[in-house]
Amino acid sequence: MPDSTNVVTGLPADQFEVELAARSVTLTLAESIYPLEAIYGASYTFIDRCYVLLDRSSPTQIRVVVTPKKDVTSESELRAIAGELVNELLSCAWRAQIVRENRAVIEAVTMQAVGGAMGPPSLDELKDFDFSEEPFEDPLGIGMSWEDKYKKKKDEAAPAAATAAAPSEPESSQ
Amino acid sequence: MSETRVLRLHRDLYASAAIESAIATYAKHATLARTEEDPHVVLTIASERPGRAEKVMRELANYALGLTIQTQTQAAAVSR
Chain R
1 MPDSTNVVTG
11 LPADQFEVEL
21 AARSVTLTLA
31 ESIYPLEAIY
41 GASYTFIDRC
51 YVLLDRSSPT
61 QIRVVVTPKK
71 DVTSESELRA
81 IAGELVNELL
91 SCAWRAQIVR
101 ENRAVIEAVT
111 MQAVGGAMGP
121 PSLDELKDFD
131 FSEEPFEDPL
141 GIGMSWEDKY
151 KKKKDEAAPA
161 AATAAAPSEP
171 ESSQ
Chain H
175 MSETRVLRLH
185 RDLYASAAIE
195 SAIATYAKHA
205 TLARTEEDPH
215 VVLTIASERP
225 GRAEKVMREL
235 ANYALGLTIQ
245 TQTQAAAVSR
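Protein sequence lines correspond, in order, to chains R and H.
Residues in the first sequence are numbered from 1 upward in steps of one, following the working numbering.
Residues in the second sequence are numbered from 175 upward in steps of one, following the working numbering.
FYI, nobody ran anything at the bench for these hints, they're computed from the structure.
A few of these clues could be false.
[What the hints assert, rightly or not] Partial list, computed: chain H residues near chain R (C-beta under 7 angstroms):
| no. | residue |
| --- | --- |
| 1 | His184 |
| 2 | Leu187 |
| 3 | Ala189 |
| 4 | Asn236 |
| 5 | Leu239 |
Every residue, glycine too, gets a C-beta built ideally from N, C-alpha and C.
Work the whole structure out from these sequences, hints included.
Below is the structure:
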């Protein structure tokens, strides 16, 4: 096994290093791509079988050093750990982004569940409830009530019916 | 002959309470000295037994990281 720092093939050279001398994998990650919560999440899945040390290499970069607890005899094992860690990082970063994007929906569903567990609202609570709040965009009008959707047509139809009925009145009066 | 290792924990990445808790947990396994070198907390770990300082350093870092992550996760859950 070579006693030097190597670049893991197939991964960005400026982000990943394998230090075989110290039996460790060092990853330098841009925080703009992998947020800290994703790095925490990925690190947590490794601390049962690896020693994980975090440090800041620059204000925008975090260095992750992973050293397997058991003796690693080949470079391929370190490569496998590096690959697993990168996959886990990507998964955690993606999950963090999904949570951020769906936070409003998650909160709405949670509130509905909690509200349902509290029982039906009283008449006073219904009276004070603000129905004007719009939690999501509805360009197709799916959430619109039948009355709201056809209100305009009804208003347009009323004068037309009135004008159609008007000429008949003088005839009936005669 | 005493073996010594130095562990540097960045304050941005490790919660202070987690570092203190880790020091308290591992102090009985080796001699620990704590100093501040902003932005790091620097721990000097010494032990007479061969390999002990290295082992304590790595386990202490893992313990502090685990506690930090658990604290952050709980804080995030409460804020939601």
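Can the hint on Ala189(H) be confirmed by a CB-to-CB distance to chain R that is less than 7 angstroms?
violated, 11 angstroms
- When the nearest CB of chain R is found for Asn236(H), is that gap smaller than 7 angstroms? Where the cut-off is 7 angstroms and the nearest Cβ of chain R is about 5 angstroms from Asn236(H), the hint holds.
Practice prompt. Against chain R, run the beta carbon of Leu187(H) and see if the smallest gap drops under 7 angstroms.
Written response: holds, 5 angstroms
With chain R as the partner, please determine if Leu239(H) meets the hint condition of a C-beta pair closer than 7 angstroms. This hint holds: Leu239(H) lies near chain R, its Cβ roughly 6 angstroms from the closest one there, short of 7 angstroms.
| message | Under 7 angstroms is the threshold here; is the Cβ of His184(H) close enough to any Cβ of chain R for the hint to stand? | response | holds, 5 angstroms
Hint compliance for this structure: hint 3 alone is broken.
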